[in-house]
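Once you have looked at the hints, place chain B on chain A.
Which chain is which? The protein sequence lines are A and B, in order. Numbered by full-length UniProt numbering, the letters in the first sequence go through residues 1 to 330 in order. Numbered by full-length UniProt numbering, the letters in the second sequence go through residues 1 to 330 in order.
To be clear, the hints were calculated from the coordinates, so they are not data collected in a lab. Since the structure is predicted, the reported quantities are computational estimates derived from the model, not experimental observations. Ideal Cβ positions, reconstructed from N, Cα and C, are used throughout, including at glycine. Be aware that one or more of the hints could be misleading.
So, partial list: chain B residues that the calculated Cβ filter (under 8 Å) puts toward chain A [to be verified]:
(1) I3
(2) E56
(3) P57
(4) A106
(5) N109
(6) I222
(7) A226
(8) L227
(9) K231
(10) F245
(11) S262
(12) L265
(13) Y269
(14) C272
(15) V289
(16) T325
Some chain A residues well away from chain B (every beta-carbon gap over 10 Å; in silico) [as the list claims (entries may be wrong)]:
(17) E120
(18) A230
(19) G261
Straight-line C-alpha distance at most 35 Å; calculated DSBU-like pairs for lysine-lysine [claimed, not checked]:
(20) B:K288 with B:K127
(21) A:K178 with A:K280
(22) B:K39 with A:K328
(23) B:K280 with A:K39
(24) A:K140 with A:K43
(25) B:K127 with A:K41
(26) A:K42 with B:K280
(27) B:K231 with B:K39
(28) B:K17 with A:K328
(29) B:K282 with A:K41
(30) A:K280 with A:K145
(31) B:K231 with A:K39
(32) A:K39 with B:K178
(33) B:K39 with A:K280
(34) A:K17 with B:K231
(35) B:K282 with A:K328
(36) A:K42 with B:K328
(37) B:K41 with A:K231
(38) A:K328 with B:K41
(39) A:K39 with B:K328
(40) A:K43 with B:K288
Number of protein chains: 2
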Amino acid sequence: MQIFVNDPDFIVEDMLKGFTAAHPEVALSTLNERVVTIKDKKKKVGVITGGGSGHEPAFLGYVGEGMLDAVAIGEIFASPPAQAFLDAMIEADNGHGVACLFGNYAGDNMNVKMAIQMAEDEDIEVKYVVATDDIASSPKETREKRHGIAGGYFMWKVGGAKAAAGGTLDEVIATAQKVVDRTRSICVGVNPCTIPAVGTPNFMIDPETMEFGIGHHGETGIEKKALGSAKEIAIEMTEAILTDFEFDESKKLAVMISGLGSTMLMEQYVICGQVLETLKEKGHQVEKVYVGNFVTSLDMGGISLTIVDLDEEIIELLEAEGQATGLKNY
Amino acid sequence: MQIFVNDPDFIVEDMLKGFTAAHPEVALSTLNERVVTIKDKKKKVGVITGGGSGHEPAFLGYVGEGMLDAVAIGEIFASPPAQAFLDAMIEADNGHGVACLFGNYAGDNMNVKMAIQMAEDEDIEVKYVVATDDIASSPKETREKRHGIAGGYFMWKVGGAKAAAGGTLDEVIATAQKVVDRTRSICVGVNPCTIPAVGTPNFMIDPETMEFGIGHHGETGIEKKALGSAKEIAIEMTEAILTDFEFDESKKLAVMISGLGSTMLMEQYVICGQVLETLKEKGHQVEKVYVGNFVTSLDMGGISLTIVDLDEEIIELLEAEGQATGLKNY
Numbered sequence: 001m002q003i004f005v006n007d008p009d010f011i012v013e014d015m016l017k018g019f020t021a022a023h024p025e026v027a028l029s030t031l032n033e034r035v036v037t038i039k040d041k042k043k044k045v046g047v048i049t050g051g052g053s054g055h056e057p058a059f060l061g062y063v064g065e066g067m068l069d070a071v072a073i074g075e076i077f078a079s080p081p082a083q084a085f086l087d088a089m090i091e092a093d094n095g096h097g098v099a100c101l102f103g104n105y106a107g108d109n110m111n112v113k114m115a116i117q118m119a120e121d122e123d124i125e126v127k128y129v130v131a132t133d134d135i136a137s138s139p140k141e142t143r144e145k146r147h148g149i150a151g152g153y154f155m156w157k158v159g160g161a162k163a164a165a166g167g168t169l170d171e172v173i174a175t176a177q178k179v180v181d182r183t184r185s186i187c188v189g190v191n192p193c194t195i196p197a198v199g200t201p202n203f204m205i206d207p208e209t210m211e212f213g214i215g216h217h218g219e220t221g222i223e224k225k226a227l228g229s230a231k232e233i234a235i236e237m238t239e240a241i242l243t244d245f246e247f248d249e250s251k252k253l254a255v256m257i258s259g260l261g262s263t264m265l266m267e268q269y270v271i272c273g274q275v276l277e278t279l280k281e282k283g284h285q286v287e288k289v290y291v292g293n294f295v296t297s298l299d300m301g302g303i304s305l306t307i308v309d310l311d312e313e314i315i316e317l318l319e320a321e322g323q324a325t326g327l328k329n330y
Numbered sequence: 001m002q003i004f005v006n007d008p009d010f011i012v013e014d015m016l017k018g019f020t021a022a023h024p025e026v027a028l029s030t031l032n033e034r035v036v037t038i039k040d041k042k043k044k045v046g047v048i049t050g051g052g053s054g055h056e057p058a059f060l061g062y063v064g065e066g067m068l069d070a071v072a073i074g075e076i077f078a079s080p081p082a083q084a085f086l087d088a089m090i091e092a093d094n095g096h097g098v099a100c101l102f103g104n105y106a107g108d109n110m111n112v113k114m115a116i117q118m119a120e121d122e123d124i125e126v127k128y129v130v131a132t133d134d135i136a137s138s139p140k141e142t143r144e145k146r147h148g149i150a151g152g153y154f155m156w157k158v159g160g161a162k163a164a165a166g167g168t169l170d171e172v173i174a175t176a177q178k179v180v181d182r183t184r185s186i187c188v189g190v191n192p193c194t195i196p197a198v199g200t201p202n203f204m205i206d207p208e209t210m211e212f213g214i215g216h217h218g219e220t221g222i223e224k225k226a227l228g229s230a231k232e233i234a235i236e237m238t239e240a241i242l243t244d245f246e247f248d249e250s251k252k253l254a255v256m257i258s259g260l261g262s263t264m265l266m267e268q269y270v271i272c273g274q275v276l277e278t279l280k281e282k283g284h285q286v287e288k289v290y291v292g293n294f295v296t297s298l299d300m301g302g303i304s305l306t307i308v309d310l311d312e313e314i315i316e317l318l319e320a321e322g323q324a325t326g327l328k329n330y
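Isolated chain A (complex conformation) (with noise of 0.2 Å):
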């Protein structure tokens, strides 16, 4: 894969230069040149996350009214320092609090809870719900040591719009913890993806194959297999999650594929079609679709399947106005 950068080693900052410019209206820089930072600042609970570069458009691109007040932007798949983090806690709060809402990765979690440290010299207080979406990254006995990945967006729009209607610092995490605790996504990659400044992937998926399962950074997942048709993989897919709810009646849910790089919006579709399918076919009610590039994993050849199960309350605040430049117009 040929790509436009100019450094690579310098290719988040080109980045961020590039957003910040596209969108002034929403988002601008700071003097952390790590940190962004919504535009018009609210009297309300701050709603904060951070993580890697190379999922666009998270996590820049929920910044904005009714999600991300400030975002910390690290390296490419790598966590931002606790001082990032730290400096988007000050850009967010205005003396209501701060939720920092993340994905569950070891980086992200150490420099977090240092930050939220240094945020109490600072008289900020700081409270934080983890991610745990994936269920291929951890069996579910061990629910709190799996990854957060595409299901990270239903906590930031949950949790956006809880604060921008008013809720307290408790009642947001309280909000966005509810989500996560109802969101389960999978993964299955089928092209690997490169680092930009390595310029080789790094892993490998042979051809007719796929990894089920795999993380967002190219974790090992649950198993590689052959390839399968789409429907196949659609109908593996919604039934890993299904199990791992373990619902016992119909449910009303919402249904989110986030194409993971270069996989087309045609082939997402695709999938969607099928998932959709199944799931009325098992009695359930799919009350909102989602079909986009929503959290990416560079270019990467994958698609994720994310089902939430969803309540009144979630419902609203999806439905909640919101301007962030990730958001769809639906």
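Positioned in the frame of chain A, the structure of chain B alone reads:
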């Protein structure tokens, strides 16, 4: 590249099934399986388009309130038949006439014109505008031969908004034509694309090279040359368009960077940053910036740059409410 597909010969059918299942609040399938229509029809001029598949979210993603009322969907990279265009016209008409706003390709031109003749027999008045934004596809002296690429977005958004605001058929056509006259695009390709039913790339781009001015189906561009830095490429694309425009004063512009398929959003923002810098250096004022996959070419690696010479009416219509699934939330 491995992809998610059932029978590659039926990937368009499977995509359409997934699309209409995902977005029943926006778009509906019709008796003609290759025509998708808006759910809530309004009493106004109908606005339609059509074209080959493989350019998603175009054209399907632009069906919705304030944009398109119906689209005719062709096979991958192939025009829909005249009957599909006619059926889209019939779906979109409610007595106020239909504006068919399509991209300039031989097959589409022929089939639209046949469909217009057939529509006359049904007492439906149809007028059309042809997007010709791709400056690489023909010299300026033969501008009418140029192909339509991502610039079509502006024709659909502005034409759709004009119709939604109650414009007559002649007003919708005049406004869409004005936008076409003020829009220029150019592409750079760095990796080829693969038609699913073929399974191998339909053209090649040698390593360490790029194709400046490549078309949306891999049509030969202006020049095959050494792959430059993102900065060099962005400057060259911007200057090619400015040279074609021959502005004699500072202008208010809209800029769209569209990925062609497998090009990361990160790369798109890197290119965008330099395009905006170059336009500013030349004294132009960029009023609106769009970054993302708006019109693609299957899984091609590459990018298109589109620049629109705005006026107050175009700005107002671009900012008008729209609800299509391919629209961004800004």
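Can the restraint linking B:K39 and A:K280 be considered satisfied, given a maximum Cα separation of 35 Å?
-> holds (22 Å)
Given the hinted pair A:K328 and B:K41, is their alpha-carbon gap at most 35 Å?
-> Answer holds: A:K328 to B:K41 is near 22 Å, not above 35 Å.
Hint check, B:L265 versus chain A [nearest Cβ-Cβ separation less than 8 Å] | Result: holds, 4 Å to nearest chain A Cβ.
Pairwise hint evaluation, B:K39 against B:K231, where the allowed Cα distance is 35 Å at most | Outside the cut-off at roughly 44 Å; violated.
Regarding the hint that B:A226 lies at the interface with chain A, is the smallest CB-CB distance below 8 Å?
-> It is violated, given that the least Cβ distance between B:A226 and chain A is near 11 Å, above 8 Å.
Was the hint right that B:I3 lines chain A, CB cutoff 8 Å?
-> The hint holds - B:I3 has a Cβ within 8 Å of chain A, the shortest such distance being about 5 Å.
Have a go at the B:N109 hint: is there a Cβ in chain A nearer than 8 Å to its own Cβ?
-> violated (24 Å)
Can the restraint linking B:K231 and A:K39 be considered satisfied, given a maximum Cα separation of 35 Å?
-> holds (27 Å)
Interface hint compliance - B:C272 to chain A, C-beta minimum distance less than 8 Å | Constraint on B:C272 satisfied, holds at 4 Å.
Supplied contact hint for B:P57, tested at 8 Å Cβ to chain A | OK, holds: B:P57 within 8 Å of chain A, min 6 Å.
Within a Cα-Cα threshold of 35 Å, do B:K282 and A:K41 meet the stated pairing?
-> holds (33 Å)
Is the Cα-Cα distance between B:K41 and A:K231 35 Å or less?
-> Distance ~33 Å between B:K41 and A:K231 Cα, so the pair holds.
When the structure is compared with the earlier hints, violations turn up for hints 4, 5, 6, 7, 10, 18, 19, 24, 25 and 27 and for no others.
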